[in-house]
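Protein chains in written order, with the working numbering: chain F, 5 to 396; chain E, 63 to 356; chain L, 8 to 442.
Any given hint could be a false lead.
Below 30 Å or equal to it, Euclidean Cα-Cα: the simulated BS3-like pairs (lysine-lysine) are [said to hold, decoys possible]:
hint, chain 1, residue 1, chain 2, residue 2
1, F, Lys272, F, Lys251
2, L, Lys394, E, Lys343
3, L, Lys381, L, Lys394
4, L, Lys402, E, Lys144
5, L, Lys15, L, Lys374
6, F, Lys212, E, Lys192
7, F, Lys384, E, Lys192
8, F, Lys384, F, Lys355
9, L, Lys402, L, Lys362
10, L, Lys412, L, Lys398
11, F, Lys272, E, Lys192
12, L, Lys160, F, Lys212
13, E, Lys192, F, Lys226
14, L, Lys398, L, Lys388
15, E, Lys144, L, Lys18
16, L, Lys386, L, Lys402
17, L, Lys374, L, Lys398
18, L, Lys381, E, Lys343
19, F, Lys379, F, Lys212
20, L, Lys374, E, Lys144
No lab work stands behind these hints, which were simulated from the structure alone. Since the structure is predicted, the reported quantities are computational estimates derived from the model, not experimental observations.
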Amino acid sequence: MKKVLALTLSLLMVLTFCVGCGGGSDSGADGDTIKIGVFEPASGDNGAGGKQETLGIQYGNKVQPTVTIGDKEYNVELEIVDNESDNSKAVTAAQNLVSSGVSMVLGSYGSAVSIAAADTFHEAGVPAIGVTCTNPQVTADCDEYFRICFLDPFQGTVLANYAWESGMKKAYCLSKLGDDYSVGLVNYFKKAFTALGGEVVEEQFPDKNTDFTSYVANAKKKGCDVFYSPVSIEAAVNIIDQAKAQKIGMPILAGDTWDSNMVTAAAKGTDLDIVVTTFYQEGGNPEFDEGIKAWMEEDSDALTNNGGNTDLAAVTAMGYDAYMVALEALKAAGSADPADVLAALPSLEVKGLVCGDVTFNETGDANKTEAFVKKCNCEKGVWEFVKKQSAN
Amino acid sequence: MSLISSWLPYILAGIAIGGQYALIAIGYTMVYGILRLINFAHGDVFMWSGLIMVYLITVMPLWLSIICVIIFAIVLGTTIEKVAYRPLRTAPRMSIMISAIGVSYLLQNVALYITGGLTKTYPSISWLQKTVDIGPATTKMVTLITPILTIVLVVGLVMLINHTKIGMAMRAVSRDFETSSLMGIDINRVITVTFVIGCGLAAIGSVLFFSNYTGINPMSGAMPGLKAFVAAVFGGIGSVPGAVVGAFIIGICENIIKGAGWTTFSDAFTFVLLIVILMVKPTGLFGEKNIDKV
Amino acid sequence: MARVTLNKKTKLVLSFLGIALILLGSYLADEMIPASSNMRMFVTVLEKGAIYALVAVSMNLLNGFTGLFSLGQAGFMLIGAYTYAIFTIPAAKHADVYMYFDGGAIQWSIEEALSGSLGIVGHYLGMLIPIIGAGLLVALIAYLIGIPVLRLKSDYLAIATLGFAEILKAFFQWNTLGPITNGSNVLRKYATYDNSIFVVLIALISIAFIMLLINSTYGRAFKAIRDDEIAAEAMGVNLFKHKELAFVISSFFAGVGGALLAMFQGTIAATPFTTTMTYEILLIVVIGGIGSVTGSIIGAFLFTACSEWWLRGLDAGTWLGITSEWFRPGFRKVVFAVIIMLIVLFAAQGIMGTKEFSWEGLLSWFKNLPANLKAAPAKNKAKAQAKKEAKARDKAAKAQAKEDKANSAAKAASGEKLFEPLPVYDHVVVFKEGK
């Protein structure tokens with residue numbers, strides 16, 4: 005038994021080495037194909053969001069499977085890798101992408117993994133475009149990282165402004181322990197909200213917690229006007245459920261992660277008041293909406309990854325945009341070499357996108373000045389547009 | 063009065079979660095009592111019962127799917143025992159524990175593969191999820207039903223252990239494994255029955271737990287499982303009433319700590335409690351003293 | 008079976024050559040393989056594998072050699088990683104890293120201070136000192152935890168150490184300690200190595216130290232405790248002292264491993280240091296063989312290479328040229344878990360059992376290989392023959408039993424009494440041989 009085991013393992017080793025050497029390619033373009041890396045979580049805490057973002061990228065690839073550089077038309081192939089929402093797996097996942105010879109990388113959903121992978125992309129000189137990672141640290145020290153979304157300080161301030169303008173004076177802020185995304189958003193919200201004159205109660209829940217009874221009870225006990233919890237979708241579903249059970253009696257405010265069909269599904273049939281800020285408003289671009297919905301209905305895998313129905317999440321639209329930006333970058337670079345793409349990115353200007361035009365500033369962040377505010381229509385279980393909110 | 067009314071929501075939540083921990087903890091404590099094994103996979107059997115319910119409810123009525131979930135959990139638990147624990151019964155204690163960890167790893171990863179890592183929403187059982195007002199607090203029906211159901215089940219179980227033939231066999235096996243086998247007790251049957259009871263209760267616990275906290279993902283079983291185990295140790299491992307009392311204490315303390323503003327340490331507290339009890343009274347509240355023989 | 012014997016000097020020379028070769032290999036691999044090459048994963052696996060090897064060996068020292076079932080490894084690595092990171096973030100980067108805590112409480116970096124005054128030597132010294140410091144801090148904490156915890160028996164010890172790891176995690180994420188630990192946010196921009204040789208060298212030295220310890224009188228005492236605590240105590244081994252020693256040393260190296268992991272990742276957050284991480288390390292030890300240092304090392308590299316590199320195709324849809332509907336994200340882990348269960352159930356010894364690598368063993372194996380290969384067909388034939396015979400015997404016995412039964416039934420039917428059963432033997436169980 006042991007010998008057989010040892011033999012199989014060594015055979016496996018030899019085989020994979022052969023495969024590894026055989027398929028080697030050191031430049032971005034391999035014949036007629038250009039590879040674009042997709043660095044997204046498909047499991048772990050951010051698995052749901054990561055999958056929806058990947059969907060947008062895949063749909064983009066379906067709409068425009070080729071790109072013309074110079075006079076030659078190349079096929080674009082997506083190299084998708086799962087970073088497991090885990091910092092320690094992110095580095096090797098990123099290395100996997102770099103090793104497979106991608107021209108550029110898109111992702112990730114969740115900032116911590118992007119920050120962890122930044123060094124790998126930096127060393128390899130491969131440009132990366134963050135789709136919805138909103139932490140300022142992603143692009144701050146990395147010349148290779150760009151992003152097409154707004155940032156936490158912006159979003160936190162927008163939410164605080166909205167809350168203050170809606171007459172809320174005391175906010176209950178709930179973030180997840182060890183989750184830099186929610187902790188960051190709470191931080192900026194707190195800064196802006198207290199600067200406006202508001203009062204803040206701050207609490208954190210531990211990893212893997214599903215029991216939000218006491219947090220909702222705390223918010224009620226402390227007499228807060230708004231329940232602010234910009235956490236992951238997984239927690240959101242449980243929070244909504246408890247808020248309903250305990251008749252929370254105050255609006256729930258959250259960031260872009262909550263803009264998901266899973267949240268509306270959970271809130272359907274309740275009398276809750278849920279408000280989020282987000283990147284995209286469904287219906288803003290009917291052509292895109294119809295196209296992607298038709299695709300999801302055809303492709304059962306895509307439908308499952310979207311949570312079982314065809315309601316769009318903002319991150320999906322952002323994923324689509326990111327793919328289009330990537331194609332534009334390839335065209336502007338005139339080659340599939342990562343170095344050329346990297347040189348072309350800072351001056352890139354992309355118009356006609358689903359979530360608004362994209363230009364990059366010095367640090368590589370998109371210049372965005374407004375966020376969409378959406379409210380959940382709990383009767384029908386859909387998002388309704390409220391207004392555009394700016395940071396000032 | 064105002065003190066009670068302001069703490070009532072936390073105590074109610076604590077009693078509810080305590081009852082759900084209790085139903086899981088019984089499985090731990092019985093298996094440990096007989097096999098001297100921490101069944102690390104028990105929390106994952108619990109998670110799987112919840113997950114299967116999500117799929118079953120789409121094809122059959124509620125009452126039937128609850129029965130099927132219980133049967134599924136029992137089959138899963140006894141299969142695990144047959145495949146992963148029985149062959150290692152004569153092996154060192156560490157091997158069988160590693161096997162339990164391996165099974166837990168396998169169950170979680172299969173769940174990850176099947177769900178694709180997405181959180182599934184538990185089907186809503188309307189009469190369990192109805193909101194009710196108790197004085198100043200508002201809560202779900204399941205919060206009230208859980209402790210009642212738990213106590214009924216536990217009383218039944220204690221009667222079973224104390225007054226039936228199989229119960230007597232279980233007590234004998236937990237006291238002395240080898241001697242009872244010499245006395246003609248079919249050890250394998252007793253162990254199977256233990257797993258049947260433990261997993262059945264875990265399945266009932268899963269219906270209550272996930273009706274209260276509706277999101278299920280592959281890791282949902284890990285934390286409740288660990289806490290239920292701590293409850294079993296706290297109450298004195300091997301003792302069914304001990305596990306139940308321990309579970310209620312842990313559930314209530316956890317929620318009071320959250321209410322007091324120490325939310326960061328609500329999970330850590332459980333483990334502090336575990337370590338303190340192990341230091342001060344390793345046999346737990348109701349446990350019997352164990353003497354190691356050379 | 009011819010056995011090769013070597014004298015001590017030759018073995019020493021061979022070992023030094025082997026180590027030099029490994030170090031040179033890892034140096035060259037990092038220098039020569041470009042970042043975008045397919046083989047670059049080799050370097051990544053080499054680094055991560057070396058770190059996991061160290062951590063697995065340190066866990067094996069406890070679980071395999073001292074018989075203490077501890078599950079606190081991830082918690083100790085967490086402290087090591089944080090300690091290293093906190094003291095090597097350059098002063099200029101503090102404002103960036105600790106952006107939610109006004110630049111944090113500590114405004115200096117050991118690495119920076121030393122490389123400022125000692126140049127390149129200081130650079131390496133500045134990384135080494137925090138690594139050792141991380142190990143020492145973890146050892147101290149382990150010492151304190153050990154005083155109460157090590158009095159517990161096997162499974163209680165496991166669950167108590169696991170509990171401590173969870174408590175430590177919550178502590179490091181606590182907002183109040185934010186100016187030092189950065190709360191829930193990642194630590195980054197700290198000093199890290201330039202070439203894989205750094206990681207491999209430290210891992211090698213640490214593992215060599217553990218091996219020396221295992222082969223010393225202390226190591227023999229550890230093994231005595233593992234085999235029989237009471238007998239060991241009767242022979243004059245101070246149980247608590249030796250357990251504490253093993254626990255502290257194992258934790259020291261877990262801390263060093265944590266520091267190396269921090270360097271490898273480039274960022275550190277407390278979230279990934281879960282019980283799952285401990286389980287993975289435990290499974291590495293099991294794959295390699297509980298009680299074999301060589302096994303843990305092989306296990307660590309196999310585990311890392313499979314999970315991070317070779318089996319990734321199982322998630323992506325195509326693996327070794329096979330395309331299947333089944334190959335969706337998560338399949339890799341399922342395959343992995345099944346392999347581990349197979350090892351636990353059917354090859355409990357793991358790859359190495361309790362054997363260790365030795366030059367003599369290796370050379371003997373190679374020397375005997377041709378003879379073994381030649382003999383293999385005959386051996387297999389004999390085995391197959393034996394199996395066949397056993398089967399035939401079984402069949403015959405079954406047929407006989409059937410016939411007997413039929414005969415007796417027929418006889419009983421015809422009213423013939425075969426024999427009077429002896430009532431005395433009625434309830435005596437006769438133990439069959441080989442069952």
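Checked hints:
1. Lys272(F) / Lys251(F): holds, 15 Å
2. Lys394(L) / Lys343(E): The given pair, whose Cα atoms are some 55 Å apart, is violated under the 30 Å limit.
3. Lys381(L) / Lys394(L): Judged against 30 Å, a Cα distance of about 21 Å means the pair holds.
4. Lys402(L) / Lys144(E): holds, 27 Å
5. Lys15(L) / Lys374(L): holds, 20 Å
6. Lys212(F) / Lys192(E): It holds: about 25 Å lies between the C-alpha atoms, which stays within 30 Å.
7. Lys384(F) / Lys192(E): Between Lys384(F) and Lys192(E) the Cα gap is close to 20 Å, so the pair holds against 30 Å.
8. Lys384(F) / Lys355(F): Measuring from Cα to Cα gives roughly 33 Å; hence the hint is violated.
9. Lys402(L) / Lys362(L): violated, 40 Å
10. Lys412(L) / Lys398(L): Measuring from Cα to Cα gives roughly 21 Å; hence the hint holds.
11. Lys272(F) / Lys192(E): holds, 15 Å
12. Lys160(L) / Lys212(F): holds, 29 Å
13. Lys192(E) / Lys226(F): With Cα atoms ~25 Å apart, Lys192(E) and Lys226(F) stay inside 30 Å; holds.
14. Lys398(L) / Lys388(L): Roughly 15 Å between the alpha carbons, so the hint for Lys398(L) and Lys388(L) holds.
15. Lys144(E) / Lys18(L): Violated, because 47 Å separates the two Cα atoms, which is more than 30 Å.
16. Lys386(L) / Lys402(L): Distance ~24 Å between Lys386(L) and Lys402(L) Cα, so the pair holds.
17. Lys374(L) / Lys398(L): At roughly 36 Å apart (the allowed maximum being 30 Å), Lys398(L) and Lys374(L) break the hint.
18. Lys381(L) / Lys343(E): The given pair, whose Cα atoms are some 63 Å apart, is violated under the 30 Å limit.
19. Lys379(F) / Lys212(F): holds, 27 Å
20. Lys374(L) / Lys144(E): violated, 43 Å
Checked against the numbered hints listed earlier, the structure breaks hints 2, 8, 9, 15, 17, 18 and 20; every other hint is satisfied.
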